[in-house]
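Chains as they are written, first to last, in my numbering: chain G, 5 to 301; chain B, 5 to 301; chain D, 5 to 301; chain P, 5 to 301; chain E, 5 to 301; chain Y, 5 to 301.
Check each hint, because a few of them may be wrong.
Identical copies carry no separate label here, and so any pair may be met within one copy or between two of them.
What the hints assert, rightly or not - Straight-line Cα separation of at most 27 Å, DSS-like style, residue types lysine-lysine; simulated pairs:
no. : residue 1 : residue 2
1   : K185      : K83
2   : K52       : K239
3   : K239      : K83
4   : K58       : K94
5   : K180      : K58
6   : K94       : K239
7   : K185      : K58
8   : K83       : K52
9   : K52       : K185
Just so you know, the hints here were simulated from the structure itself, not pulled from any lab data.
Protein chains: 6
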Amino acid sequence: MQLFAKQGLGIGGYDTQLRDNIRSWLAEDIGTGDVTTRTTIAADSVMKAVIHVKEDGIIAGLPVAETVFSVVDPALSFKAFVQDGDAVTKGTVIAEVEGSTHSILTGERLALNLMQRLSGIATKTKQFVDALEGLPVRLVDTRKTTPGHRLLEKYAVRVGGGSNHRFGLYDAVMIKDNHIKGAGGITAAVNAARSAIPHTMKIEVETESLEQVNEALHCGTDIIMLDNMTPERMKEAVELIRSRAPHVVTEASGGVTLETVRSIAESGVDVISVGGLTYSFRSLDISLDLGGKKGRA
Amino acid sequence: MQLFAKQGLGIGGYDTQLRDNIRSWLAEDIGTGDVTTRTTIAADSVMKAVIHVKEDGIIAGLPVAETVFSVVDPALSFKAFVQDGDAVTKGTVIAEVEGSTHSILTGERLALNLMQRLSGIATKTKQFVDALEGLPVRLVDTRKTTPGHRLLEKYAVRVGGGSNHRFGLYDAVMIKDNHIKGAGGITAAVNAARSAIPHTMKIEVETESLEQVNEALHCGTDIIMLDNMTPERMKEAVELIRSRAPHVVTEASGGVTLETVRSIAESGVDVISVGGLTYSFRSLDISLDLGGKKGRA
Amino acid sequence: MQLFAKQGLGIGGYDTQLRDNIRSWLAEDIGTGDVTTRTTIAADSVMKAVIHVKEDGIIAGLPVAETVFSVVDPALSFKAFVQDGDAVTKGTVIAEVEGSTHSILTGERLALNLMQRLSGIATKTKQFVDALEGLPVRLVDTRKTTPGHRLLEKYAVRVGGGSNHRFGLYDAVMIKDNHIKGAGGITAAVNAARSAIPHTMKIEVETESLEQVNEALHCGTDIIMLDNMTPERMKEAVELIRSRAPHVVTEASGGVTLETVRSIAESGVDVISVGGLTYSFRSLDISLDLGGKKGRA
Amino acid sequence: MQLFAKQGLGIGGYDTQLRDNIRSWLAEDIGTGDVTTRTTIAADSVMKAVIHVKEDGIIAGLPVAETVFSVVDPALSFKAFVQDGDAVTKGTVIAEVEGSTHSILTGERLALNLMQRLSGIATKTKQFVDALEGLPVRLVDTRKTTPGHRLLEKYAVRVGGGSNHRFGLYDAVMIKDNHIKGAGGITAAVNAARSAIPHTMKIEVETESLEQVNEALHCGTDIIMLDNMTPERMKEAVELIRSRAPHVVTEASGGVTLETVRSIAESGVDVISVGGLTYSFRSLDISLDLGGKKGRA
Amino acid sequence: MQLFAKQGLGIGGYDTQLRDNIRSWLAEDIGTGDVTTRTTIAADSVMKAVIHVKEDGIIAGLPVAETVFSVVDPALSFKAFVQDGDAVTKGTVIAEVEGSTHSILTGERLALNLMQRLSGIATKTKQFVDALEGLPVRLVDTRKTTPGHRLLEKYAVRVGGGSNHRFGLYDAVMIKDNHIKGAGGITAAVNAARSAIPHTMKIEVETESLEQVNEALHCGTDIIMLDNMTPERMKEAVELIRSRAPHVVTEASGGVTLETVRSIAESGVDVISVGGLTYSFRSLDISLDLGGKKGRA
Amino acid sequence: MQLFAKQGLGIGGYDTQLRDNIRSWLAEDIGTGDVTTRTTIAADSVMKAVIHVKEDGIIAGLPVAETVFSVVDPALSFKAFVQDGDAVTKGTVIAEVEGSTHSILTGERLALNLMQRLSGIATKTKQFVDALEGLPVRLVDTRKTTPGHRLLEKYAVRVGGGSNHRFGLYDAVMIKDNHIKGAGGITAAVNAARSAIPHTMKIEVETESLEQVNEALHCGTDIIMLDNMTPERMKEAVELIRSRAPHVVTEASGGVTLETVRSIAESGVDVISVGGLTYSFRSLDISLDLGGKKGRA
């Protein structure tokens with residue numbers, strides 16, 4: 005159960021679901037059987053393989069890779085030499101796997117596919133976090149994640165030093181332009197939501213003008229998103245909110261790049277959300293090499 | 005059943021599995037319910053939404069988006085104005101959805117997340133294919149796809165004008181360095197495989213030198229991969245293979261970028277495989293806007 | 005999709021999961037086939053059945069029953085004469101189902117089992133809500149629901165006029181005595197949670213004394229639960245919180261019965277949570293009678 | 005496999021399905037993760053927890069609770085101090101769990117929700133069984149069980165000293181009023197069923213008058229249900245059946261309460277069925293307290 | 005819902021599970037797509053196909069084939085010209101399917117594989133039933149069915165004129181030699197079972213001698229199996245049982261072939277069970293031919 | 005993972021799916037519990053059982069039986085005395101299982117059902133292979149396998165000394181008469197397929213005349229099936245293909261029996277496919293007997 009928690013980053017209770025996903029993802033690759041390994045490698049061959057990175061970056065997904073190999077074959081031994089969140093340089097051996105050669109080769113591609121993507125996300129997140137160094141602001145992700153991979157990708161964002169926005173449509177109210185139109189205004193939407201949701205749930209409103217900020221403040225919004233505002237307008241909005249309702253959280257959104265993120269943060273917002281953390285990314289190049297001692301089980 | 009086949013690109017018989025995946029991906033986002041839409045929009049509200057692209061690219065995934073909306077609510081009507089594979093420019097309205105506002109908003113994020121990624125892959129593939137214009141070579145993908153998305157991503161490669169490599173570990177033999185080591189040489193590996201696999205299955209061998217190419221030719225390999233060879237060495241290998249066994253397919257792999265792909269192709273290889281088609285990518289920016297007529301069901 | 009939303013109470017996007025549950029629950033009852041109906045009733049027999057209540061109460065679960073019959077046989081027609089939330093008296097015909105006699109008899113037991121339980125919960129909730137009439141307080145449920153039935157039971161609480169607490173361990177932080185011990189105090193626990201959770205999520209702390217209330221207030225808790233306090237102590241706590249942090253929500257818990265609930269509410273708390281709403285209950289007696297016209301399909 | 009059999013009460017072969025159900029029920033509660041425990045408790049914290057009852061009753065579900073904790077974390081150690089079926093008094097410690105604090109807290113609610121309900125059913129059943137002490141009659145349940153929980157609830161009835169009626173629509177024929185109408189009489193229905201069912205299956209007929217009892221006897225019914233008859237009429241019916249067909253089983257049904265059950269039994273029936281055993285119930289109050297030694301894994 | 009019931013043979017409520025099985029069986033064949041049909045046939049091609057038998061036999065499985073085509077493509081139209089249970093001769097066209105050529109070809113193999121096997125079972129059963137003509141005996145199957153196909157194969161036995169034995173380990177008690185040894189004798193086993201099972205369930209005992217028959221009679225067994233007895237011994241046993249307990253059912257088992265079955269029946273047993281009905285069989289040869297009108301959708 | 009690979013015959017990576025299938029097949033038999041074993045055998049009884057064959061044949065499925073018992077109860081110990089592929093004679097003890105009597109009896113039927121069928125297929129295959137002794141030809145199966153059992157049945161064919169044809173519609177192109185008609189000729193079909201499939205996939209064409217053979221050769225087919233040709237015509241076709249395209253594989257199909265197979269092979273074809281290997285078969289008679297030491301766990 006403590007697979008991810010050991011990282012201090014955690015996905016409490018996700019292990020069972022992760023194992024199910026991995027079984028399904030393995031099936032996608034293995035189908036009716038790894039015909040190459042089965043026919044060319046002795047069934048009782050045992051080897052050790054090393055996993056190493058081929059470029060600099062932040063590692064994420066070691067417990068995921070460990071789980072892949074464990075699902076393929078519980079008898080494989082997996083040993084990590086770094087932890088999720090560590091910065092590594094080209095050539096670093098990050099882990100080794102030992103046991104049945106068949107099992108190692110069968111799990112290889114999925115383990116790498118997952119670690120490469122998650123490390124790519126953690127590496128990109130870290131670049132944004134570094135750009136914000138020293139500022140009291142939180143960098144968060146969005147729901148623009150890969151279908152079926154949201155929990156893992158949001159974990160990778162945490163590994164890279166970021167924080168998470170809501171996990172889905174169910175754990176916070178986010179009133180966007182379409183809902184405002186549908187409800188007949190911000191006040192109507194917030195009131196309708198407030199009366200129907202658990203008292204444990206927050207309401208966020210997306211605003212595009214100071215008028216909207218004002219209205220959101222008046223009806224008791226918990227979080228105000230400042231969407232695509234200029235830095236000056238954003239600063240003005242933040243000051244307005246701070247003065248009126250210091251416990252309300254402010255969030256900047258829209259047009260955030262590595263170049264613009266610091267100036268946006270300097271407006272004083274509490275949170276900056278960046279869809280691009282999980283939306284477009286470069287995988288980190290990671291390889292597995294069989295080698296080391298060779299023998300029979 | 006003919007969802008994708010209409011595109012002339014097809015994933016025969018995949019519809020049922022796709023609907024299952026979409027249900028699971030929707031559950032990831034919806035969880036215990038879309039609390040915002042449920043509480044702020046009248047249950048019987050009906051609207052029309054338009055889907056438009058915000059940058060130039062190749063569209064892929066329209067039938068996928070259609071399926072998402074159909075799974076969410078079979079009563080929604082979806083109308084596409086372009087087809088998968090069409091080149092679109094910023095601002096093009098590619099489709100519209102009409103029906104229950106609740107249903108449209110609930111399906112929006114997943115439909116976009118899928119189309120954005122698939123269109124990103126198709127767009128990147130098209131850039132490679134364009135770079136090879138006029139040359140008798142096939143651009144193909146690899147197994148470096150997103151876990152759980154392989155069929156869709158390989159479809160997007162076809163949409164972009166590329167072709168597919170094997171679908172998994174089960175539908176072709178691919179003897180890599182590790183298998184050669186494990187079997188005690190190329191000849192041993194190919195012979196072991198040949199005797200144990202169906203006569204309907206091909207054998208590909210990864211080679212790194214002319215010696216290996218020679219050995220692979222001698223033992224009756226069907227496809228020879230030339231891995232990370234210089235263009236000169238590759239040309240030499242291709243000529244050797246052509247002269248000895250014209251029905252053997254040659255495949256180049258390793259270090260393929262938009263800059264290098266044409267010079268690699270000029271070596272005369274039949275196929276070039278590019279992991280980066282599905283490995284790292286920019287999503288194409290696509291949006292859904294509610295609007296048009298508004299009313300009650 | 006709008007099945008529940010029509011009730012103005014809604015479980016947005018739950019339909020698909022509900023249908024899956026119903027298929028599984030039907031399988032539990034039907035197993036290898038309804039041997040009595042299959043062997044004694046003509047396969048093409050069609051009839052109409054009426055569903056009526058045998059005691060006074062609040063109806064909940066009509067859309068659930070409708071879904072049961074629709075899963076069993078999409079050709080059945082279901083017509084409800086009242087809506088979820090309506091108070092009904094003994095003898096009221098609440099719905100009728102018409103179509104294949106086989107299908108009606110196969111779905112009967114599950115449809116009734118579900119409606120009886122949900123109506124029992126709604127009826128009990130309504131009794132508590134009535135006891136609070138005129139007071140500005142919200143009655144909410146807990147996580148003490150039947151495993152596999154949480155969404156439906158929380159829906160029944162809403163139908164009865166109550167509100168919901170958090171849906172599970174994932175959508176709000178609830179720091180109880182065990183967490184306080186584990187973290188080394190309220191302040192440590194709240195700070196640890198705050199830094200690691202999304203900014204969209206609230207933190208609730210369970211307190212048993214004014215000292216704990218004070219500590220919870222100081223570290224920025226969003227909701228303070230007053231657990232098993234006397235009415236006087238509770239009133240004191242509420243006034244303390246109101247004066248210091250008017251946006252903090254207060255919740256009373258423990259020992260809440262129909263007899264005590266009003267006096268607890270008079271302490272001024274915002275919310276009262278009652279495990280017993282879903283924990284122990286009397287099902288409402290509901291029956292299905294075949295009758296009406298009889299014929300062949 | 006012997007989980008329940010150890011109790012001498014058994015659900016042979018149910019373990020696998022039970023573990024699947026528990027995984028699904030855990031997912032309902034945990035969702036995307038237990039955010040409180042993950043963020044406030046050290047990942048390597050280990051503790052011991054005791055489970056104790058807070059009121060008198062009959063315990064049922066200890067093997068179920070053990071399975072819950074084992075599914076959450078196979079490394080947890082669970083030790084029961086009483087057995088299912090034991091009568092316990094307020095304050096009794098019935099079990100302890102030791103291991104990862106995260107795991108204990110994650111499984112707590114589901115383990116308690118299940119044991120509380122099952123113990124409530126066993127306790128109620130025991131009250132009925134005690135009311136029948138000394139009489140040669142069997143107390144049985146019905147199909148009015150919680151959807152998805154039938155096997156467990158029927159097990160709890162056995163734990164409380166009762167017996168089971170058929171498990172579903174598939175394992176015995178039960179001809180009710182509706183089937184009699186549909187088939188054109190008891191004789192027609194019984195004959196139609198007899199010819200079409202396995203010779204290993206029994207036929208029960210629901211009767212409301214002595215005429216119906218007579219007809220059921222004539223056509224070779226195996227079990228005759230006497231539905232809602234007065235004690236005198238019931239006695240008359242039992243004597244009629246005994247004299248004519250001593251191997252036919254008699255079953256009383258309808259209006260059975262703790263007050264009436266003994267007088268009904270005195271009519272001489274073999275079996276009394278009570279829907280209320282699983283239909284409406286009070287959960288038994290059971291708690292888990294963390295405590296004991298504390299440390300790091 | 006009435007798919008099978010129309011045949012007067014029925015698998016009440018099995019449709020949903022059958023559709024799930026068919027989806028899984030289709031996936032086994034289709035995998036990542038029917039690559040031949042997709043690439044060689046125009047996506048909008050529509051044709052009519054006829055299904056005809058290539059040898060004499062009893063047809064079983066038409067509703068199953070219809071369901072296969074309906075799962076593949078709900079728009080296909082399926083028309084049967086005979087009914088399950090009909091005797092057909094070589095060359096008979098039993099059904100036609102019309103619609104998308106892609107869909108027909110994708111479902112063809114599974115539809116045929118199922119009908120061929122089920123018709124093979126029905127045909128073999130009919131041979132046994134014919135050999136028993138005029139005798140008051142029931143021919144039944146066993147649990148020696150193909151894993152995953154039990155309901156369908158037991159249906160095919162009914163189609164062929166046979167009856168069913170119990171469906172599994174759960175719907176009747178069958179005390180075999182191993183249980184007798186384990187329990188310490190027939191009487192101990194029967195008594196132990198009787199006290200622990202529902203009153204709706206029968207007990208069958210396997211006997212190999214008249215002593216065992218006597219013991220089984222004394223302890224109130226419902227069904228007595230006479231296992232591998234000579235015809236004379238069997239006759240003696242039947243007479244003993246008839247004289248003592250006329251409501252007890254007798255069942256012959258062991259060494260039953262088409263040659264021996266009638267002489268076994270003449271011993272007067274009520275039931276003869278034959279594992280070989282589903283254990284070893286010849287499929288009935290059935291083909292699908294595309295043809296008829298051809299066009300575009 | 006190496007379950008089957010130990011046999012040198014292998015189904016790489018299939019273990020997980022096999023365990024899932026076995027769980028589902030066990031559920032079919034066990035349902036709500038093995039009521040006989042649960043009620044008649046002491047829960048802590050432990051015994052040893054031997055599995056022996058009752059007629060001569062080739063054993064297949066020992067690892068499958070081992071997996072069945074391991075899924076039922078991981079604590080059971082299974083010991084095989086022969087290997088899949090071994091020829092055994094009547095009376096041979098092929099394996100023993102030791103542990104909980106409940107677990108052994110619960111798994112018995114499924115383990116036998118599977119081994120009996122697979123051994124029947126292996127035995128039949130061996131007869132064909134023996135008939136071909138000394139000839140350079142490969143005997144292969146078809147897609148006429150039992151739905152849900154394809155991988156196991158194709159494994160049994162390998163165990164019996166045969167080879168496999170393609171696994172499904174997805175791993176090779178097979179152009180049959182219907183596709184030829186649909187595409188407008190062999191050349192059109194082959195060209196359409198070639199351009200759309202991966203370069204790793206082969207194309208087979210079914211031919212019925214020398215003209216078709218000629219056309220298939222011209223358009224670059226990889227495998228040519230000679231369907232229902234006379235031996236003379238077949239020989240002519242093989243010689244034509246050998247002379248023109250020695251790397252093209254020839255396959256004979258249609259009307260293959262134990263009597264005709266050798267003369268067909270003498271035509272010189274590379275491969276002979278026989279649907280009857282898995283289409284109709286006699287199960288091999290295998291039994292499990294409880295015995296040996298007896299005791300308590």
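Check: Which of the numbered hints above does this structure break?
Finding: The structure conflicts with hints 2, 3 and 6, although it agrees with all the remaining ones.
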